[in-house]
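Trainee: Build out the structure end to end from the sequences listed, making use of the hints.
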Amino acid sequence: MYISKLNLTTDENEIIDFICKYSFATIVTTKDDRPNASHLPFVISKKEGKTILTSHFAKANQQWTELSAHETLVIFTEPHAYISPKHYDKEMNVPTWNYIAVHAYGKAKVISDREQTMKIIEKTIHNYEADYLPQWNSLPEAYKLKMLNGIVAFEIEVTSFQASKKLSQNKTEDEKQRIITALKASPNNIESELGIYMEKES
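First residue of the sequence shown: 1, per this note's numbering; consecutive thereafter.
FYI, nobody ran anything at the bench for these hints, they're computed from the structure. C-beta atoms are modelled at their ideal positions from N, C-alpha and C, and glycine is treated no differently. Each hint can be trusted.
No more than 30 Å apart at the CA atoms, straight line, and that leaves these computed lysine-lysine pairs for DSS-like: (1) LYS166 with LYS176; (2) LYS144 with LYS21; (3) LYS144 with LYS119; (4) LYS144 with LYS59; (5) LYS31 with LYS46; (6) LYS107 with LYS21; (7) LYS50 with LYS119; (8) LYS165 with LYS47; (9) LYS123 with LYS21; (10) LYS59 with LYS31; (11) LYS21 with LYS184; (12) LYS165 with LYS50; (13) LYS46 with LYS200; (14) LYS46 with LYS5; (15) LYS166 with LYS50; (16) LYS200 with LYS176; (17) LYS184 with LYS165; (18) LYS21 with LYS200; (19) LYS184 with LYS200; (20) LYS21 with LYS50; (21) LYS184 with LYS90; (22) LYS86 with LYS171; (23) LYS21 with LYS5; (24) LYS5 with LYS50; (25) LYS109 with LYS21; (26) LYS50 with LYS123.
Pair by pair, the computed Cβ-Cβ distance ranges are: (27) SER45 with ASN93: 38 to 46 Å; (28) TYR143 with SER4: 46 to 54 Å; (29) SER186 with ASP113: 44 to 52 Å; (30) ASN61 with PRO187: 31 to 39 Å; (31) LYS5 with THR30: 27 to 35 Å; (32) ALA130 with GLN177: 33 to 41 Å; (33) GLU199 with ASP89: 17 to 25 Å; (34) ASN170 with ASP32: 39 to 47 Å; (35) LYS50 with VAL94: 37 to 45 Å; (36) ASP174 with LEU133: 44 to 52 Å; (37) GLN116 with SER4: 34 to 42 Å; (38) ASN170 with MET118: 47 to 55 Å.
Mentor: This is the structure in structure tokens:
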């Protein structure tokens, strides 16, 4: 991903916090020089000092067979918004788009062990709806095993991050404040959330 020096983000804790918040991502693999993509929820964690992403495919989605062949890319992005030139001091300006995005590259492997797969599912449940765990635990084992047989769990050991925060860093404080005010007042939740991000950065 192209990242200008002005927008480059390297703080790993900040990147991990972003992934935790915007965890529904696009996973990209390749087969015969053709990219394939799926959209999955991810859980990020640390294991033995390594950053690990875990998720699962539906077994019917054959993309899981491509995981170990090449490096895997997972793209986390959101929030983003169109930025109108009406917020700028000078008329000689053009529209742009503000956004935050993280690309995680890594080595993926399929989890074939049923017990480890169960742990990944339970970790996912705990991450998204911990209150559901008692209901999950009360389900018949035969039912849970049937569910597990329909998925393929995997983990990715992250080898590098690329992160960009394009938040009007090249604009004046007055211009940025007008953009923040407009975004925060937007009825679009994604735009208003971006305004909050910009306010934190200013």
